[in-house]
Amino acid sequence: MSESRSTEKEDISGVKERIESAEKSIADLEKTTYNIKHEEGRAKGEIAGVVGQIAGLDSGLRLASLDFSVLNFVVGKLQERRANRREEAAQRLPEQLRRDISGAGLRLDVAELKIRNSAVRISDVEQRVRRSSRRTNQLERDLVQFRRRLNTRVDVVERRIAGMRAGVRATPGARTANVGNTSGFQDTANQINRVEARVNALVAALG
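Counting from 1, position 101 in the sequence shown corresponds to residue 101 in full-length UniProt numbering; the numbering is continuous, with no gaps.
Mixed in with the good hints, there may be bad ones.
No more than 27 Å apart at the CA atoms, straight line, and that leaves these computed lysine-lysine pairs for DSS-like [unchecked claim]:
1. Lys31 x Lys16
2. Lys114 x Lys77
3. Lys44 x Lys31
4. Lys24 x Lys44
Derived DEER-like restraints, expressed as beta-carbon distance ranges [claimed, not checked]:
5. Arg42 x Ala119: 37 to 43 Å
6. Gly49 x Arg81: 46 to 52 Å
7. Asp155 x Ala201: 16 to 22 Å
Quick caveat, the hints were computed from the structure, so don't treat them as lab data.
Keep in mind that this is a model prediction, so the values were computed, not measured.
Here a beta-carbon is modelled for each residue, glycine too, at the ideal position from N, C-alpha and C.
Let the hints inform the model, and build the full structure from the sequences given.
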């Protein structure tokens, strides 16, 4: 009878060691799962930021194009007024004519300078859009590679979880209860239930 109890205690001790090893493996997998979720969230956030920058640049490009159109319209009006002034010049004094032509020419020079500045702004915005587009493409490629690595790691985790589940289910069942071993078997059963619960939570976290 004493030898039988000793054997049962050794069996329970072995089961507890396996459960403790499984709990340690699950803790490592939970940490790995957290890191995977964190990396994926960071990658998504960075891509969202780049998309926002591109949207801002696109808005700037539209404003610059609008400025360019307005300045073209202004220059056209100035040229039209200049032509009208020339037609009226024949009936004016030469000195007045020279002043009018000089003033119109000055305004035209200012308008042309603004147009050149707007063209430079448009070119700068276009370059920034192209750079952002290249960066977005690179981030998208990086995200594809990250997802491949993530899927590989998830497969490994799932295989390890399946192995742990098989190990837990293969744990020797309860023997005939008696006054000497009831407490030990109950503790072991509780530990097995906790391991199963943590495995299920880990699978749910991996989606």
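Do the hints match the structure? See the list:
1. Among the hinted pairs, Lys31 with Lys16 is consistent with the structure: their alpha-carbon atoms are about 23 Å apart, no more than 27 Å.
2. Annotation: proposed proximity of Lys114 to Lys77 holds, straight-line Cα distance about 15 Å (limit 27 Å).
3. Between Lys44 and Lys31 the alpha-carbon distance is near 20 Å, which keeps this suggested pair within the 27 Å criterion.
4. With a C-alpha separation of about 31 Å, the suggested pairing of Lys24 with Lys44 is violated against the 27 Å cut-off.
5. The hinted window of 37 to 43 Å between Arg42 and Ala119 holds, with their beta carbons roughly 39 Å apart.
6. Evaluation of the 46 to 52 Å hint for Gly49 and Arg81 yields a pass: the beta carbon distance comes to about 48 Å.
7. In this structure the hint that Asp155 and Ala201 lie 16 to 22 Å apart at CB holds, the actual value being about 19 Å.
Violated hint: 4 only; the structure is consistent with all others.
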